[in-house]
Amino acid sequence: MIPALDVRDLSLAIGGARVVDGVSFAVRAGEVLALVGESGCGKSITAFAAMRLLPRAVTMTGGQLLLEGNDLAALPESRMRRLRGRRMSMIFQEPLAALDPLSTVGTQVAEATGLRGAAAREAVLAMLGEVGISDPARRIRQYPFELSGGMAQRVMIATALIARPAVLLADEPTTALDVTIQAQILDLLRRLAAERGTAIVLITHDMGVVADIADRVAVMYAGRIAETGPVARIFAAPRHPYTALLLAALPRLGDAPKAALAVIPGQVPLPSAFSAACRFADRCPLVTDRCRQEPPPLREMGADQLSACWHAERVR
Amino acid sequence: MTAALTVADLAVHYPVRHGPPVRAVDGVSFTIAPGETLGLVGESGCGKSTVSKSVVGLQAPTRGSVVVDGVEIVGADRRTLRQARARMQMVFQDPATSLDPRMTIGAAVGEPLLVRGLARGQALRDRVAGLLAEVGLRPEHATRYPHQFSGGQRQRIVIARALALRPALLVCDEPVSALDVSVRAQILNLLVELQRGLGMATLFVSHDLAVVRHVCDRVAVMYLGRLAELAPRDALFAAPRHPYTRALLLAVPEPDPAAQRAKPRVPLAGEIPSPANPPPGCRFHTRCPMARAPCREQEPAWRQVGESMVACHFAEEVNSPGVDKPGC
Amino acid sequence: MRRLPLSTLLLLAVLLLMAAAAFTAPWISPHDPLRQSLLLRLKPPGSVDPRQGVFLLGTDDLGRDLLARILCGARASFAVAMLSVAVSLVVGVSLGLVAGWVRGWAAAIIMRLVDTMLSIPAILLAVLTVAVIGPSFLSLILVLGLTRWPRYTRVAYASTLQVAAMPYIQASEMAGAGAARILLRHVLPNIAGPLMVVATSEFGLMILFEAGLSFLGLGIQPPAPSWGSIMSAGRQYVERAWWLTVFPGIGLFTLVLCINLLGDAMRDQLDPRSAGR
Numbered sequence: 001m002i003p004a005l006d007v008r009d010l011s012l013a014i015g016g017a018r019v020v021d022g023v024s025f026a027v028r029a030g031e032v033l034a035l036v037g038e039s040g041c042g043k044s045i046t047a048f049a050a051m052r053l054l055p056r057a058v059t060m061t062g063g064q065l066l067l068e069g070n071d072l073a074a075l076p077e078s079r080m081r082r083l084r085g086r087r088m089s090m091i092f093q094e095p096l097a098a099l100d101p102l103s104t105v106g107t108q109v110a111e112a113t114g115l116r117g118a119a120a121r122e123a124v125l126a127m128l129g130e131v132g133i134s135d136p137a138r139r140i141r142q143y144p145f146e147l148s149g150g151m152a153q154r155v156m157i158a159t160a161l162i163a164r165p166a167v168l169l170a171d172e173p174t175t176a177l178d179v180t181i182q183a184q185i186l187d188l189l190r191r192l193a194a195e196r197g198t199a200i201v202l203i204t205h206d207m208g209v210v211a212d213i214a215d216r217v218a219v220m221y222a223g224r225i226a227e228t229g230p231v232a233r234i235f236a237a238p239r240h241p242y243t244a245l246l247l248a249a250l251p252r253l254g255d256a257p258k259a260a261l262a263v264i265p266g267q268v269p270l271p272s273a274f275s276a277a278c279r280f281a282d283r284c285p286l287v288t289d290r291c292r293q294e295p296p297p298l299r300e301m302g303a304d305q306l307s308a309c310w311h312a313e314r315v316r
Numbered sequence: 001m002t003a004a005l006t007v008a009d010l011a012v013h014y015p016v017r018h019g020p021p022v023r024a025v026d027g028v029s030f031t032i033a034p035g036e037t038l039g040l041v042g043e044s045g046c047g048k049s050t051v052s053k054s055v056v057g058l059q060a061p062t063r064g065s066v067v068v069d070g071v072e073i074v075g076a077d078r079r080t081l082r083q084a085r086a087r088m089q090m091v092f093q094d095p096a097t098s099l100d101p102r103m104t105i106g107a108a109v110g111e112p113l114l115v116r117g118l119a120r121g122q123a124l125r126d127r128v129a130g131l132l133a134e135v136g137l138r139p140e141h142a143t144r145y146p147h148q149f150s151g152g153q154r155q156r157i158v159i160a161r162a163l164a165l166r167p168a169l170l171v172c173d174e175p176v177s178a179l180d181v182s183v184r185a186q187i188l189n190l191l192v193e194l195q196r197g198l199g200m201a202t203l204f205v206s207h208d209l210a211v212v213r214h215v216c217d218r219v220a221v222m223y224l225g226r227l228a229e230l231a232p233r234d235a236l237f238a239a240p241r242h243p244y245t246r247a248l249l250l251a252v253p254e255p256d257p258a259a260q261r262a263k264p265r266v267p268l269a270g271e272i273p274s275p276a277n278p279p280p281g282c283r284f285h286t287r288c289p290m291a292r293a294p295c296r297e298q299e300p301a302w303r304q305v306g307e308s309m310v311a312c313h314f315a316e317e318v319n320s321p322g323v324d325k326p327g328c
Numbered sequence: 001m002r003r004l005p006l007s008t009l010l011l012l013a014v015l016l017l018m019a020a021a022a023f024t025a026p027w028i029s030p031h032d033p034l035r036q037s038l039l040l041r042l043k044p045p046g047s048v049d050p051r052q053g054v055f056l057l058g059t060d061d062l063g064r065d066l067l068a069r070i071l072c073g074a075r076a077s078f079a080v081a082m083l084s085v086a087v088s089l090v091v092g093v094s095l096g097l098v099a100g101w102v103r104g105w106a107a108a109i110i111m112r113l114v115d116t117m118l119s120i121p122a123i124l125l126a127v128l129t130v131a132v133i134g135p136s137f138l139s140l141i142l143v144l145g146l147t148r149w150p151r152y153t154r155v156a157y158a159s160t161l162q163v164a165a166m167p168y169i170q171a172s173e174m175a176g177a178g179a180a181r182i183l184l185r186h187v188l189p190n191i192a193g194p195l196m197v198v199a200t201s202e203f204g205l206m207i208l209f210e211a212g213l214s215f216l217g218l219g220i221q222p223p224a225p226s227w228g229s230i231m232s233a234g235r236q237y238v239e240r241a242w243w244l245t246v247f248p249g250i251g252l253f254t255l256v257l258c259i260n261l262l263g264d265a266m267r268d269q270l271d272p273r274s275a276g277r
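Chains as they are written, first to last, in my numbering: chain L, 1 to 316; chain S, 1 to 328; chain X, 1 to 277.
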């Protein structure tokens with residue numbers, strides 16, 4: 001089966017800095033892939049690249065973007081524009097900023113259908129009901145400022161999914177929301193992925209969100225994939241020191257209060273200072289000379305798990 | 001021993017041009033003992049940040065009393081307030097905006113000592129170097145500007161400035177929310193270490209229950225301007241007495257796929273009502289999975305159940321086994 | 001410190017050259033700007049007199065060297081513009097800081113005063129005031145300085161409101177700093193950028209105002225030269241002696257254009273969205 005979205009060896013540069021360097025991942029219909037990492041790791045820009053919505057300063061220097069088998073990089077912009085929203089759509093962290101303040105909810109959701117009049121209205125009402133908006137007939141007449149954050153995110157999801165795209169890119173969709181609302185939105189995304197067979201790429205920094213909703217995980221660090229695999233394996237047996245430390249640095253509801261948390265020394269390097277060898281070397285407890293000389297390739301660690309670490313076997 | 005902080009019946013109402021005032025905080029009371037850390041949690045708009053601003057005197061309350069280290073600051077004149085502020089300091093959420101971009105960090109950290117005439121010249125520089133060392137920075141950092149530091153380092157600088165006067169009470173308003181996971185752990189470790197070393201009382205405001213559990217001794221849960229529950233940490237996390245606390249705890253996604261997916265889901269219906277027009281009776285009844293007739297009419301009393309103080313008519317039932325009825 | 005673009009450096013160079021020429025006028029001037037000679041009336045540019053030498057830009061109706069008068073007039077223009085900008089900057093920024101910090105009634109009074117001032121045509125106000133107190137160098141500065149402060153107040157007020165809400169200001173309050181220290185050490189440096197942009201464009205305007213008032217005979221008084229009065233006098237001879245109006249006009253145009261372009265460049269440099277902040 002062809003993956004809904006297959007990103008192969010994607011490289012992006014800002015000026016001379018390679019902000020994303022050889023990133024590959026694939027997501028199948030109905031699957032949720034989490035792209036997780038700290039700020040500046042390149043996870044959001046990767047999603048924008050997949051939509052071919054890169055800011056002017058960023059150039060794609062290599063790789064393929066296959067949407068249902070078709071290479072997006074080769075498409076003219078006019079064809080690409082038709083695919084966006086139809087076969088692939090995106091939702092954002094700040095739903096209220098992503099909605100047009102001057103048009104009603106109904107108009108905005110209908111725009112993505114390409115339908116008009118009664119047919120459009122019917123489709124919109126059905127879709128709003130599906131994303132859990134109560135009293136959709138009243139909501140379609142409202143303007144974005146009348147919506148709460150959670151409601152606005154539901155409207156965004158309705159807009160993104162009404163044309164039944166194969167892929168939904170969700171960039172930190174619950175980061176701006178409260179936990180109780182976040183739980184609702186995550187439940188909704190999981191249900192929609194299963195019911196409609198949408199492939200979801202979820203970009204997040206929150207390991208809790210990953211644990212809740214993802215089927216597979218790709219952990220990014222400094223523009224590269226550090227480790228990727230099924231969610232249970234990544235959490236239970238991480239094979240990259242960065243993943244292991246990231247998980248140990250989290251305060252958890254089950255651990256001893258006030259005990260020292262694991263710390264990753266130093267900080268994420270700036271893109272201009274990205275190393276050609278392992279980019280985590282300067283902060284890594286397992287570092288050896290080899291790590292500073294050769295970039296580690298992604299290696300098969302069994303059970304569909306890949307790790308880009310020379311010492312993957314020694315992690316933990 | 002007197003409390004480091006006593007807040008009694010605090011209320012902050014914002015007037016609105018048309019319609020009733022927004023009751024951001026509406027009758028909140030708690031105390032913090034010296035050396036103790038109290039967590040104040042709740043969702044956005046519940047009033048937790050307004051409480052923290054009122055405690056340090058940056059927001060004038062509509063009514064109530066705030067006593068810091070024995071000094072009443074509500075209605076205090078400027079001199080009393082200035083003196084009281086030497087005993088309490090604040091760490092803000094966003095380290096990017098809590099340092100003056102045009103001032104060296106040495107000047108920023110030394111400002112409390114300088115303006116109060118406690119140190120100057122070489123003595124001031126030595127004190128600043130000591131404070132920077134205390135938060136894990138080097139003395140030569142003093143001559144640099146905020147933009148030369150990362151987010152985590154800036155939060156360390158902010159903490160150093162807050163410690164300069166050796167306050168009796170430290171108010172932290174979402175101090176790690178703007179930081180990445182790896183940096184957040186560093187700052188949390190530093191805060192825990194400083195609490196141990198300096199014996200400050202801390203009011204720790206946060207929306208993140210895992211973080212609050214990690215650093216706090218007691219936890220207060222706010223909903224719509226009121227306290228829903230106030231309990232020792234372990235009691236609150238093991239046996240929440242308010243249905244809202246319980247829903248919050250279950251809504252926190254845990255970084256453990258198996259446990260997270262096995263958890264019962266307690267969907268809270270709808271959204272937080274407007275604080276300008278809070279529901280009658282129990283403020284939580286519109287979203288409460290346990291709500292019954294008395295909840296809609298009668299405000300629940302603030303009462304003791306087990307180790308916890310709670311405002312719920314049916315607090316005793318919150319942890320009973322049958323609470324997650326199917327379809328509930 | 002970020003490197004300035006070449007175009008900005010070029011503008012700065014032209015401006016500094018003009019300022020230097022203006023302030024060293026008494027020393028570099030080829031002739032005495034006040035020395036009259038009826039024999040040398042309205043000589044065209046480049047005329048040579050065996051005894052007095054070359055008149056590079058020609059002479060005026062009283063036989064005075066135009067180049068010397070333009071240089072000397074530039075000095076007057078610069079002095080008036082700088083001093084009046086300084087006066088209005090101090091008055092305007094002080095009022096804006098107070099309004100933005102105290103808010104409430106103080107802001108209401110100050111900002112209504114600003115609205116009132118801005119609704120009166122400035123040139124009319126200046127003409128009336130000079131007509132009442134009499135024209136002189138000092139009254140020119142006072143009139144311009146005390147009518148042009150509202151723009152600074154507006155900008156200072158809005159910026160102060162914005163900066164005062166920043167956590168670092170609250171932190172400073174928590175540290176125990178008084179209002180004076182907070183305003184001078186924290187607020188002022190952080191609102192200086194937009195104020196400098198306003199001051200630059202006002203500087204250009206002041207030069208135009210001074211020329212305008214002098215043209216009307218309400219500014220620098222004859223026989224002291226000023227670009228406005230030179231052009232005013234040259235008006236009658238436009239057909240016979242074009243140089244009397246054209247050369248001071250070119251000077252005025254170049255100077256104000258440079259200042260305005262520099263103001264734009266400064267705004268771009270100070271934009272927080274540009275790199276390096």
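Honestly, the hints are just simulated from the structure, not real lab data.
Cβ atoms here follow ideal geometry from the backbone N, Cα and C, with glycine treated the same way.
Misleading hints may appear alongside valid ones.
Label-pair distances were calculated between CB atoms; the ranges are [as the list claims (entries may be wrong)]:
{"id": "1", "chain 1": "L", "residue 1": "255", "chain 2": "S", "residue 2": "317", "range": "55 to 61 Å"}
{"id": "2", "chain 1": "L", "residue 1": "141", "chain 2": "S", "residue 2": "60", "range": "36 to 42 Å"}
{"id": "3", "chain 1": "L", "residue 1": "187", "chain 2": "S", "residue 2": "71", "range": "44 to 50 Å"}
{"id": "4", "chain 1": "X", "residue 1": "104", "chain 2": "L", "residue 2": "59", "range": "50 to 56 Å"}
{"id": "5", "chain 1": "L", "residue 1": "275", "chain 2": "X", "residue 2": "253", "range": "52 to 58 Å"}
{"id": "6", "chain 1": "X", "residue 1": "138", "chain 2": "S", "residue 2": "177", "range": "42 to 48 Å"}
{"id": "7", "chain 1": "S", "residue 1": "320", "chain 2": "L", "residue 2": "196", "range": "46 to 52 Å"}
{"id": "8", "chain 1": "S", "residue 1": "144", "chain 2": "L", "residue 2": "56", "range": "28 to 34 Å"}
{"id": "9", "chain 1": "X", "residue 1": "179", "chain 2": "L", "residue 2": "55", "range": "40 to 46 Å"}
{"id": "10", "chain 1": "S", "residue 1": "317", "chain 2": "L", "residue 2": "275", "range": "55 to 61 Å"}
{"id": "11", "chain 1": "X", "residue 1": "192", "chain 2": "L", "residue 2": "53", "range": "36 to 42 Å"}
{"id": "12", "chain 1": "X", "residue 1": "179", "chain 2": "S", "residue 2": "71", "range": "20 to 26 Å"}
{"id": "13", "chain 1": "S", "residue 1": "77", "chain 2": "X", "residue 2": "180", "range": "15 to 21 Å"}
Outcome for the supplied range 52 to 58 Å, where the beta carbon pair is residue 275 of chain L and residue 253 of chain X: With a Cβ separation near 56 Å, residue 275 of chain L and residue 253 of chain X satisfy 52 to 58 Å, so the hint holds.
Do the beta carbons of residue 138 of chain X and residue 177 of chain S sit within 42 to 48 Å of each other? 58 Å, violated
Does the Cβ pair residue 77 of chain S, residue 180 of chain X satisfy 15 to 21 Å? Since the Cβ atoms of residue 77 of chain S and residue 180 of chain X sit about 18 Å apart, the hinted range of 15 to 21 Å holds.
CB-CB spacing for residue 196 of chain L and residue 320 of chain S relative to the 46 to 52 Å hint: Hint violated: Cβ distance 38 Å, outside 46 to 52 Å.
Residue 317 of chain S and residue 275 of chain L, beta-carbon distance inside 55 to 61 Å? Holds, at about 58 Å.
Indicate whether the distance between the beta carbons of residue 141 of chain L and residue 60 of chain S respects the range 36 to 42 Å. Since the Cβ atoms of residue 141 of chain L and residue 60 of chain S sit about 40 Å apart, the hinted range of 36 to 42 Å holds.
The hint says 28 to 34 Å between residue 144 of chain S and residue 56 of chain L; measuring C-beta to C-beta, is that right? 32 Å, holds
Okay, residue 104 of chain X versus residue 59 of chain L on CB: inside 50 to 56 Å? Holds, since residue 104 of chain X and residue 59 of chain L (Cβ atoms, about 53 Å apart) stay within the stated range.
Hint check for residue 71 of chain S and residue 187 of chain L - Cβ pair distance inside 44 to 50 Å: 48 Å, holds
Could you tell me whether the CB distance from residue 179 of chain X to residue 55 of chain L stays inside 40 to 46 Å? 43 Å, holds
Assuming the hint says 55 to 61 Å, is it satisfied by the Cβ distance from residue 255 of chain L to residue 317 of chain S or not? 29 Å Cβ-Cβ, so the 55 to 61 Å window is violated.
If you check the beta carbons of residue 179 of chain X and residue 71 of chain S, does the distance land in 20 to 26 Å? Holds: the Cβ-Cβ distance is about 22 Å, inside 20 to 26 Å.
Taken one by one, the earlier hints fail for this structure at numbers 1, 6, 7, listed in ascending order.
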